[in-house]
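*Asks:* This is what each chain is made of:
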Amino acid sequence: MKKLYLVLLCAMLMVGVCHAQSKNNKKKKSSAAYNKQNKENEIFLEKQFWLGVKGGITLTKPSVQKTYTVVSPTNYNASGKKYESFKQVGGQLALEVAFYFKGISISFQPTYQSSNFSYSNTYSWSSTADDVLYSTELMYEQDQKLEHLLLPFVAKYEFTGNKLRPYFQAGFYQGILLNATKSVIISGVDQGAGGTNEFKNEPVIVGAKDLFAKYYWGLIGGAGVYYNLGNVRLNLDVQYRYGMSNITSVENRYSNSQLMGIGDVMDDLHMDNLAIAVGCLFPMRFLQSGFKSLDRK
Amino acid sequence: MNKNIRNLFMLIASSLLPFSCAEKENINLETENFTSIFDSNSFITEYLPIDIQQTPDGGYLILAERSLDSTEVTGAYLMKADKFGNFVQAMELGDTVINPIGPLNVIDGQYHFFCMSSSNEDYSQAKLATIDANLSAITIQNAGGLTYPEASSVVDNKLLLLTYNNGDKTSVVSEVTTGGTVTELAAYTVGVGEDSEDPIIEHHLKEGRQFPFAVGRTSTNTYYYNGFYEYNFSVVFVNPGADDPQGVVQGQSDHGGFSSIVPISGNKFAASRFNFGDNYLLPNTVLDPGDFSTSPDKGGIFSPELVEDARVKIHRAIVGTQNILIYGSDTRSKQIGLFYYDEATGTFLGSRYIGFSNPFQVAAMGNTSDGGIIVCGTTYLAGRFPRICLTKLSKEEIESDIK
Numbered sequence: 001m002k003k004l005y006l007v008l009l010c011a012m013l014m015v016g017v018c019h020a021q022s023k024n025n026k027k028k029k030s031s032a033a034y035n036k037q038n039k040e041n042e043i044f045l046e047k048q049f050w051l052g053v054k055g056g057i058t059l060t061k062p063s064v065q066k067t068y069t070v071v072s073p074t075n076y077n078a079s080g081k082k083y084e085s086f087k088q089v090g091g092q093l094a095l096e097v098a099f100y101f102k103g104i105s106i107s108f109q110p111t112y113q114s115s116n117f118s119y120s121n122t123y124s125w126s127s128t129a130d131d132v133l134y135s136t137e138l139m140y141e142q143d144q145k146l147e148h149l150l151l152p153f154v155a156k157y158e159f160t161g162n163k164l165r166p167y168f169q170a171g172f173y174q175g176i177l178l179n180a181t182k183s184v185i186i187s188g189v190d191q192g193a194g195g196t197n198e199f200k201n202e203p204v205i206v207g208a209k210d211l212f213a214k215y216y217w218g219l220i221g222g223a224g225v226y227y228n229l230g231n232v233r234l235n236l237d238v239q240y241r242y243g244m245s246n247i248t249s250v251e252n253r254y255s256n257s258q259l260m261g262i263g264d265v266m267d268d269l270h271m272d273n274l275a276i277a278v279g280c281l282f283p284m285r286f287l288q289s290g291f292k293s294l295d296r297k
Numbered sequence: 001m002n003k004n005i006r007n008l009f010m011l012i013a014s015s016l017l018p019f020s021c022a023e024k025e026n027i028n029l030e031t032e033n034f035t036s037i038f039d040s041n042s043f044i045t046e047y048l049p050i051d052i053q054q055t056p057d058g059g060y061l062i063l064a065e066r067s068l069d070s071t072e073v074t075g076a077y078l079m080k081a082d083k084f085g086n087f088v089q090a091m092e093l094g095d096t097v098i099n100p101i102g103p104l105n106v107i108d109g110q111y112h113f114f115c116m117s118s119s120n121e122d123y124s125q126a127k128l129a130t131i132d133a134n135l136s137a138i139t140i141q142n143a144g145g146l147t148y149p150e151a152s153s154v155v156d157n158k159l160l161l162l163t164y165n166n167g168d169k170t171s172v173v174s175e176v177t178t179g180g181t182v183t184e185l186a187a188y189t190v191g192v193g194e195d196s197e198d199p200i201i202e203h204h205l206k207e208g209r210q211f212p213f214a215v216g217r218t219s220t221n222t223y224y225y226n227g228f229y230e231y232n233f234s235v236v237f238v239n240p241g242a243d244d245p246q247g248v249v250q251g252q253s254d255h256g257g258f259s260s261i262v263p264i265s266g267n268k269f270a271a272s273r274f275n276f277g278d279n280y281l282l283p284n285t286v287l288d289p290g291d292f293s294t295s296p297d298k299g300g301i302f303s304p305e306l307v308e309d310a311r312v313k314i315h316r317a318i319v320g321t322q323n324i325l326i327y328g329s330d331t332r333s334k335q336i337g338l339f340y341y342d343e344a345t346g347t348f349l350g351s352r353y354i355g356f357s358n359p360f361q362v363a364a365m366g367n368t369s370d371g372g373i374i375v376c377g378t379t380y381l382a383g384r385f386p387r388i389c390l391t392k393l394s395k396e397e398i399e400s401d402i403k
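From first to last, the protein sequence lines stand for chains A and B. So in our numbering, the last one in the first sequence is 297, and the numbering has no gaps at all. So in our numbering, the last one in the second sequence is 403, and the numbering has no gaps at all.
It is worth saying that the hints were derived from the structure and are not from the lab. Be a bit skeptical, because a hint or two may be false.
With a straight-line Cα cutoff of 27 angstroms, these simulated DSSO-like cross-link-like pairs (lysine-lysine) come out [claimed, not checked]:
#1 A:Lys66 with B:Lys83
#2 B:Lys24 with A:Lys82
#3 B:Lys334 with B:Lys206
#4 B:Lys206 with A:Lys66
#5 A:Lys214 with B:Lys395
#6 A:Lys209 with B:Lys403
#7 A:Lys209 with B:Lys334
#8 B:Lys206 with A:Lys209
Which stretches of chain B does chain A cover? Using the computed rule of at least three CB atoms under 8 angstroms from a CB of chain A, they are [to be verified]:
#9 39 to 47
#10 93 to 105
Taking beta-carbon pairs under 10 angstroms as the criterion, some of the chain A residues facing chain B (in silico) [to be verified]:
#11 Val70
#12 Thr74
#13 Tyr76
#14 Ser127
#15 Ser135
#16 Val184
#17 Gly192
#18 Asp210
#19 Lys214
#20 Ile247
#21 Asn252
#22 Met260
#23 Gly261
#24 Cys280
The beta carbon of each residue, even a glycine, is placed where N, CA and C say it ideally should be.
Start from the sequences, fold in the hints, and give me the full structure.
*Replies:* Set out below in structure tokens:
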């Protein structure tokens, strides 16, 4: 299934580029009557390399593929882990190199992405002895902070416009794990010491790079808009990065004795990110001529 | 333009290569390596594992003690986990049989262990329990009038049993068939006077120190036990049919002696000893069955990181082509410490620690069919609820521990 996605993506990119090329050939024939300046303008519009940067925020949604637990209940049903989606804000910073050709851009966007997500699990114990209820309830709040280098390839289709040029985009990315940490906060209510005691411990923070997959990949879909300001393009970009592979290390799932000791183990997870960024792009051709590019009247 | 497109597609194609590195599900890894803690939601019930055996289906059978209401003695609890470490089912034996002892002895696909009767008419009588790998049927029978079972092992498809006879005040070594027929091999006095049996009775009533009783046979067919003899907790080499033992490694009252002993070959043993709270590991020691000596004479590697009078479990394993000894014990940092030694030379090879935050204590270790090790122990969930825990280590993990 994943291979099929890749094949479809490659085919889409190829069709897009070839279609643009064929249009270009036709236009070349009809543009013969224009003067030299017009030809230059047309070339600028028809194909251009852009270089830029963008930065913004990410919101993360983990999707459980398979659940794993350390604590195996013998006389009750496990409450399971409760994940939070799109709650914690992460960040991103990207470099973008794009080749524009008659409405379609092929863009390579190496991106630093930090993703934060959390889950919690709850355990309780209770018994009645001599008509006295004894109980303890513990909640483990587990926060994950992951840093990845993403290598996305994106095809964009731009709608015609002057100052404002909206676009749709689709592509795929490869993620390379840079760093990961986990923090665990244990809180609870203890009625085992003769009274009710609510407590919340300081977080236990552990390096968790080994617990996560070195590589993962996914698909990208999104939209955005360019605002042309002289030769510079300002950019508002929204991407949904749909994770397609497990971000948890299968091999090292049980390797962290600190987390084992407090009863935690990572599920098999796919990670989606909603990424919102602003940035700017600069044309790599005609920069020396004082040429006004896409904001011309 | 064509060149640009070609370069672009080459770039895309090269970027696809790392996709082959994405994590893939590996069902074998899920059986080779896991940690499980078996939890009950009871505030007051305690579960303390004794031994573990891998069953033919790749799962695990665990023998444990469970706390009983209004008494310090313990009930028997059997639990089955699957090959992934997930809970399958459990069986609680009634309160009429108490104080189960390990190990789970495997004979002809059946699992045998001893416990003690708690009924008024035959209190302290040894009982032999037999169960299959799926906990589907259990039989409990008398073990020929023996009382206060302390340790057992398997020899020649028979069970070797160490018991205490509080009438004669003797430590008794017997062979017991799976049908419950008893042949007494030897009985040696624990000392005269009422005080001599106090630590033994306190052990059995769970009101005092729990002693590391053991019984077995060496490769030269010499029977031995680790238990009380003449007021001291000693290693005693049995002289079947005679009034006195062949030899004794004498402990120091109930304050010094051997905390574990495993025969390797001939007179060579892997062992550990305790002495007024201190712990010493002896991965390569010679105990002559004909000698009379004392346990402090045997020296050993002083191990200050272990808790006072630590419980020590010794397990023999093969890593690659190397025979190793794994010492499992309880550290002061409340972890299970695994210490690896070369079986031939006693050279230290490496270590591993299991657990964090909540206390962990070792109960038993076992080889698994995939070349790994299963470590069974107790952890205290929320720092207070004793529960059975399993840590499965793969062959590769153990190899990586060994320097």
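*Asks:* Now tell me, hint by hint, if it's right for this structure.
*Replies:* Going through the hints against the structure:
Restraint check for lysine 66 (chain A) and lysine 83 (chain B): satisfied, since their Cα atoms lie roughly 17 angstroms apart, inside the 27 angstroms limit. For the suggested pair lysine 24 (chain B) and lysine 82 (chain A), the alpha carbons sit about 24 angstroms apart, so the restraint of at most 27 angstroms is met. With a C-alpha separation of about 22 angstroms, the suggested pair lysine 334 (chain B) and lysine 206 (chain B) falls inside the 27 angstroms cut-off, and the hint holds. A hinted pair counts as satisfied when its Cα atoms are at most 27 angstroms apart, and lysine 206 (chain B) with lysine 66 (chain A) does not qualify at roughly 43 angstroms.
Taking the CA atoms of lysine 214 (chain A) and lysine 395 (chain B), the gap is about 23 angstroms. The hint holds against a cut of 27 angstroms. Taking the CA atoms of lysine 209 (chain A) and lysine 403 (chain B), the gap is near 24 angstroms; set against the 27 angstroms cutoff, the hint holds. Annotation: proposed proximity of lysine 209 (chain A) to lysine 334 (chain B) holds, straight-line Cα distance about 26 angstroms (limit 27 angstroms). The hinted pair formed by lysine 206 (chain B) and lysine 209 (chain A) fails the criterion: a straight-line CA distance of about 45 angstroms is larger than 27 angstroms.
Using a Cβ-Cβ cut-off of 8 angstroms, 7 residues of the segment 39 to 47 of chain B lie near chain A, which meets the minimum of three, so the contact claim holds. Evaluation of the coverage hint for the segment 93 to 105 of chain B: breached, as 0 residues show C-beta separations to chain A shorter than 8 angstroms, against a requirement of three. For valine 70 (chain A), the suggested interface contact is upheld, since its CB lies about 5 angstroms from the closest CB of chain B, less than 10 angstroms. Among the interface hints, the one on threonine 74 (chain A) holds; its C-beta lies about 5 angstroms from the nearest C-beta in chain B, closer than the 10 angstroms criterion.
A distance limit of 10 angstroms between C-beta atoms decides the matter here; for tyrosine 76 (chain A) the minimum to chain B is near 5 angstroms, and the interface restraint holds. Taking 10 angstroms as the C-beta cut-off, the interface hint given for serine 127 (chain A) holds, the closest approach to chain B being about 4 angstroms. Interface restraint check for serine 135 (chain A): the shortest CB-CB distance to chain B comes to about 6 angstroms, inside 10 angstroms, so the restraint holds. The restraint placing valine 184 (chain A) at the interface with chain B holds, with a minimum CB-CB distance near 9 angstroms, inside the 10 angstroms limit.
Residue-level restraint check for glycine 192 (chain A) holds (minimum Cβ-Cβ distance to chain B is 7 angstroms; threshold 10 angstroms). Restraint check, aspartate 210 (chain A) versus chain B: the minimum CB separation of about 13 angstroms is more than 10 angstroms; hint violated. Given hint, lysine 214 (chain A) at the interface with chain B, holds; its Cβ is 7 angstroms from that chain's nearest Cβ, closer than 10 angstroms. Taking 10 angstroms as the C-beta cut-off, the interface hint given for isoleucine 247 (chain A) holds, the closest approach to chain B being about 8 angstroms.
Hint on asparagine 252 (chain A) holds. Least Cβ distance to chain B is approximately 9 angstroms, under the 10 angstroms limit. With its C-beta approaching chain B no nearer than about 5 angstroms, methionine 260 (chain A) sits inside the 10 angstroms limit, and its interface hint holds. A cut of 10 angstroms between beta carbons decides the hint on glycine 261 (chain A): the least distance to chain B is about 3 angstroms, and the hint holds. Because the smallest distance between the Cβ of cysteine 280 (chain A) and any Cβ of chain B comes to about 23 angstroms, over 10 angstroms, the interface hint for this residue is violated.
Comparing the model with each numbered hint stated earlier shows that hints 4, 8, 10, 18 and 24 do not hold.
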